[in-house]
Amino acid sequence: MNGKNWLGMIPAILKKFAIVFVLLGLLVFFAALSPYFFTIENLTNIFVQQSYVIIAAVGLSFVMISGGMDLSIGYQMSLVGVATAAMMKWYNIPLPVSLALGVLLGICLGLGNGIASIKLKVHPLIVTLGTMTVFQGLSYIVSRQSVILNLPATFKFIGQGYVFGFIPFSVILMFLTVGFASFILNKTYLGRYIYAIGGNEEATRLAGVNVGMVKLIVFGLCGFFVAISAMVLFARSGSAASSTGPGTEFNCITAAVLGGISFKGGEGKMWGLVTGVFILGVLGNGMQLIGMGTYAQYIVKGLVLLSAVGFDVYQKSVRTIRHHAKITEAA
Amino acid sequence: MKASAALVSLRNVTKTYPGVTALRDLSLDFYPGEVHALLGENGAGKSTLIKIIAGAVEPDSGSIQFGDKVYERLSPHEARMNGVEVIYQEFNLIGSLSAAENIALGERAGMFVDFKLMETRARELFDQFGIELDPASLVRDLTSSQQQIVEIAKAVSKKARILIMDEPTAPLSVSEVDSLFRIIRMFRDRGVSIIYISHRIDELFEIADRISVLRDGAFVADKAVADTDRRELISLMVGRELKESYPARARPPAEALLELQNLCGNGDEDISFSIRKGEIFGLAGLVGAGRTELAKLVYGAAKLDSGSLLMDGKALHIRSPRDAIKNGIGLIPENRKEEGCFLDMPIDWNISFPSIRSISRHAIVDLKQERKMAEHFSALLRIRTPSLAQKVKNLSGGNQQKVVLAKTLATDSKLLIFDEPTRGIDVGARQEIYKLMTDLANKGHAIMMISSDMEELLGMSDRIAVLAEGRLMGILERPQFSQKLILELASGIIDMEVTA
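Residue numbers (numbering that gives the first Met the number 0), protein chains in the order written: chain B, 0 to 330; chain U, 0 to 499.
Just so you know, the hints here were simulated from the structure itself, not pulled from any lab data.
Since the structure is predicted, the reported quantities are computational estimates derived from the model, not experimental observations.
All C-beta atoms in this analysis are idealised placements derived from N, C-alpha and C, irrespective of residue type, glycine included.
Treat the hints with care, since some could be wrong.
[To be verified] Computed beta-carbon distance windows for the label pairs:
(1) B:L175 / U:A378: 51 to 59 Å
(2) B:L32 / U:A378: 37 to 45 Å
(3) B:N209 / U:S307: 20 to 28 Å
(4) B:L175 / U:S307: 50 to 58 Å
[Unchecked claim] Restricting the straight-line Cα-Cα distance to at most 30 Å, the calculated cross-link-like pairs of lysine-lysine (DSSO-like) are:
(5) U:K158 / B:K186
(6) U:K325 / B:K15
(7) U:K336 / B:K15
(8) B:K118 / U:K325
(9) B:K15 / U:K392
(10) B:K14 / U:K325
(11) U:K483 / B:K263
(12) U:K413 / B:K15
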């Protein structure tokens with residue numbers, strides 16, 4: 000009986016973790032095509048390359064689960080990065096203070112997005128479309144359109160350093176971020192509120208939740224993680240330019256949607272998000288190794304996203320039809 | 000009976016929804032050149048009837064006839080081809096287009112849009128109505144009476160032969176009603192058949208030629224306006240049997256729990272009454288009388304302009320639903336799915352949601368306590384489900400309502416506001432909800448129950464307050480309960496000296 004039940008659950012498990020199997024499939028596929036792919040060196044490389052994307056995507060997923068959107072995270076990263084670098088290099092502010100102020104700036108940018116969308120009563124998608132341009136302008140003014148070279152070695156450690164000689168520091172930050180986010184979303188009442196607002200905002204308000212405050216916290220958290228992500232990215236490149244960062248938003252949105260964080264909000268899990276980011280990362284890395292050009296990679300990534308979304312919508316409609324059929328039978 | 004042939008006839012039409020019979024073997028004829036009013040309580044079947052004529056709803060049996068064409072299934076397109084146009088309470092206009100464009104919408108007039116021609120035709124229509132209105136103005140900039148004129152013009156330009164109007168005077172002021180009636184008479188004299196629905200009995204005597212009374216989906220009587228009066232109409236509407244049985248209970252007098260003093264806001268004006276502990280306080284009124292609006296005021300979900308609330312004699316300051324919940328006021332909203340619960344979330348998640356902070360320690364949800372809470376309330380309310388992890392959208396309407404009730408009870412509410420507690424719920428589950436409400440009242444909870452179901456109001460309430468157009472018309476004690484009296488108050492025909 001038990002064994003039978005377990006067997007019966009296999010289709011459900013396959014469905015639920017479909018994207019995990021996609022990722023495993025990709026790993027096998029590229030390992031077969033390129034002898035270099037499945038080496039510790041290359042896999043570590045993928046982790047390091049994706050760590051900043053995951054940290055930023057975690058920030059974004061708070062906003063998306065609550066039913067919002069943030070298009071400005073790429074330029075938030077750009078502004079936070081150049082501002083932190085300028086503080087360190089041009090104004091000789093001590094590194095820890097610069098870092099703290101940089102993270103604080105990120106939180107403020109996030110809160111700014113939140114306040115604007117609450118006060119203007121406009122969907123965050125539109126608000127952040129506007130603030131994205133504002134942050135872009137600010138970033139180029141702060142950086143004086145120049146590249147800030149030779150960032151301090153201690154700073155570069157965030158993106159390039161290894162702990163115990165073999166664990167990349169950025170990957171540790173990535174795990175901490177994902178762990179913290181899972182904790183907030185799954186264990187705390189704040190997490191419940193975030194899912195609730197994305198699922199049904201009016202019912203949340205009527206249940207006595209201060210919806211505006213939760214949205215602010217969500218945007219603040221997003222800004223916080225985006226700032227951390229900026230530190231990792233800028234530390235890895237070792238120099239700071241305003242053109243670093245933009246583009247990350249679309250990577251993150253793609254990964255989030257792949258990972259099951261829906262546009263309408265109210266659903267999504269951290270493991271899905273992480274899998275989504277790694278699917279994109281493995282695709283990019285693997286296609287590079289087998290000699291596909293950058294532009295061909297764009298096409299493949301776009302098609303992957305479309306098929307993932309299509310699959311999801313198809314599954315949901317099948318489920319709905321089956322459910323209705325069941326109700327009709329019962330009646 | 001009539002010299003001319005009917006434009007549209009219903010023959011033995013029956014329509015049932017799960018748990019309710021909306022129309023029962025109904026036959027009616029509508030003649031040209033006549034304003035034919037439909038009258039009945041909420042749920043008497045008026046809306047279903049117009050939807051059937053418009054082809055929006057398919058009857059289970061019976062037929063619809065236009066002259067010698069007989070339809071058993073009528074599509075919206077076929078209805079329109081036969082000259083049926085409906086002006087619903089919610090206008091079907093596009094705000095960002097001009098009045099003229101809205102009127103011309105849906106016509107096929109070649110490849111290009113001739114704005115000049117469109118505006119000339121709209122202007123001609125407005126002139127016929129004797130209305131000053133610029134056809135080029137955007138619909139969203141118009142007042143609701145002007146929008147209604149545009150709706151009517153749209154219907155007329157489609158050569159309507161049967162014009163259905165659902166509560167057309169609801170958004171209008173007195174002078175606007177006069178010009179609406181003038182336009183209606185104009186169409187009547189041109190031979191259009193007008194089907195007119197209104198809750199305002201008074202105005203029927205001004206505009207209608209014939210009045211058909213419906214009750215529980217069945218035809219009751221057909222009266223020429225000249226041969227009847229308001230009292231007779233009301234007694235026809237209410238000659239209803241009480242079929243359902245209601246749980247019996249003791250009704251001891253008790254002190255007041257919540258006092259409303261001169262509440263104004265959200266469309267309500269100067270409302271004062273008090274609700275006692277252990278009491279089921281019914282709130283009656285027609286659709287749009289301001290009952291849900293009052294509930295939202297008390298619950299802090301809408302802004303209070305003036306007036307005050309007292310609980311146990313002490314002043315209450317409620318600015319948000321959160322304040323209300325803290326003070327022991329709970330709302331079970333009218334729209335379960337939109338406002339009451341989270342359909343994609345499990346039952347236990349829903350039940351614990353409003354009280355999640357109180358079962359969290361250092362912001363971390365205590366899952367054991369959550370499970371205990373969910374198990375306790377689902378057992379108490381007998382929520383039928385294989386597992387508490389089941390998503391709420393997979394439950395029946397009755398069980399969904401129990402989930403909403405459970406989450407409200409879990410916040411320790413002393414006053415429960417039920418807005419249409421049994422809407423869309425089948426008969427068996429309805430009895431259970433009544434039993435639960437009675438048990439709660441017996442335990443000392445105060446219950447405010449908004450209901451459009453007369454039977455439910457009379458059967459469940461200890462006292463009934465009647466609202467009309469945002470004002471309190473009277474409060475009835477149990478010995479005074481009568482359908483007729485409530486309807487007279489709700490229609491604004493009489494106004495009792497209010498004693499709270």
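Checked hints:
1. B:L175 / U:A378: 51 to 59 Å: violated, 42 Å
2. B:L32 / U:A378: 37 to 45 Å: violated, 58 Å
3. B:N209 / U:S307: 20 to 28 Å: Holds: the Cβ-Cβ distance is about 23 Å, inside 20 to 28 Å.
4. B:L175 / U:S307: 50 to 58 Å: At roughly 51 Å between Cβ atoms, S307 of chain U and L175 of chain B fall inside 50 to 58 Å, so the hint holds.
5. U:K158 / B:K186: Measuring from Cα to Cα gives roughly 63 Å; hence the hint is violated.
6. U:K325 / B:K15: violated, 39 Å
7. U:K336 / B:K15: holds, 26 Å
8. B:K118 / U:K325: holds, 26 Å
9. B:K15 / U:K392: holds, 19 Å
10. B:K14 / U:K325: Violated: K14 of chain B and K325 of chain U sit about 42 Å apart, past 30 Å.
11. U:K483 / B:K263: violated, 48 Å
12. U:K413 / B:K15: Given pair K413 of chain U, K15 of chain B is violated - Cα atoms ~43 Å apart, limit 30 Å.
Hint check: violations occur at hints 1, 2, 5, 6, 10, 11, 12; the rest are consistent with the structure.
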